[in-house]
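> Read left to right, the sequence shown gives residues 1425 to 1562 (my numbering).
Just so you know, the hints here were simulated from the structure itself, not pulled from any lab data. No experiment lies behind these values; they were computed from the predicted model shown. Errors might be hidden in some of the hints.
[What the hints assert, rightly or not] For lysine to any residue, the following SDA-like pairs were computed, each having C-alpha atoms within a straight-line distance of at most 20 Å: (1) K1503 x G1526; (2) K1503 x I1544; (3) K1503 x D1492; (4) K1503 x G1480; (5) K1503 x F1486; (6) K1503 x D1479; (7) K1503 x D1536; (8) K1503 x Q1541; (9) K1503 x Q1490; (10) K1503 x E1537; (11) K1503 x Y1488; (12) K1503 x W1521; (13) K1503 x G1517; (14) K1503 x Y1529; (15) K1503 x T1530; (16) K1503 x I1471; (17) K1503 x T1520; (18) K1503 x Q1470; (19) K1503 x V1513; (20) K1503 x A1535; (21) K1503 x V1556; (22) K1503 x Y1533.
[Stated by the list, open to error] Pair by pair, the computed Cβ-Cβ distance ranges are: (23) G1539 x E1467: 17 to 25 Å; (24) S1559 x V1513: 32 to 40 Å; (25) E1468 x G1523: 16 to 24 Å; (26) E1468 x F1505: 41 to 49 Å; (27) D1536 x A1450: 18 to 26 Å; (28) G1482 x N1532: 34 to 42 Å; (29) G1506 x V1527: 18 to 26 Å.
Here a beta-carbon is modelled for each residue, glycine too, at the ideal position from N, C-alpha and C.
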Amino acid sequence: MCPQKMRSPSSCRRSGQTQKHCNDLAILALVAAVAAAPQSNPEEIQILRYESDNDGLGTYHFAYEQSDHSAREEQGELKNFGGEEEEAVVMRGSYTWLGPDGVNYTVNYVADENGFQPTIDQGPGGAVPAGVVASLLG
């Protein structure tokens, strides 16, 4: 804001000195916002593997793996369940992440005419948190 009491949006235009103060304050606010922005982390998560294939007709496959031990893979294909009105993409896939407890969790799933059907696997180290199970099963 301007150093003088503002009564209208044009009050900063009354004198060159006041306009300079307004500009200085605007620049200072911009510099403060930039300085407060999160700094880049030299250990940013890197994509280690990425694959993607889509035939444009309902069949696809994609996969990625990241340096934070997370990964995802999915494939799908258009299936006909009895007529043109009964077509849907059937998906099968998995995603994996390293939990804060140091355990690798993997969700394998199928999504088809019977809905989303996940199964959860985990590496050694503990049980699947109840919140994870509840969020996956609805």
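> Just pull the numbers of the violated hints for me, sorted ascending.
1, 2, 3, 9, 11, 12, 14, 15, 16, 17, 18, 21, 23, 24, 27, 28 and 29
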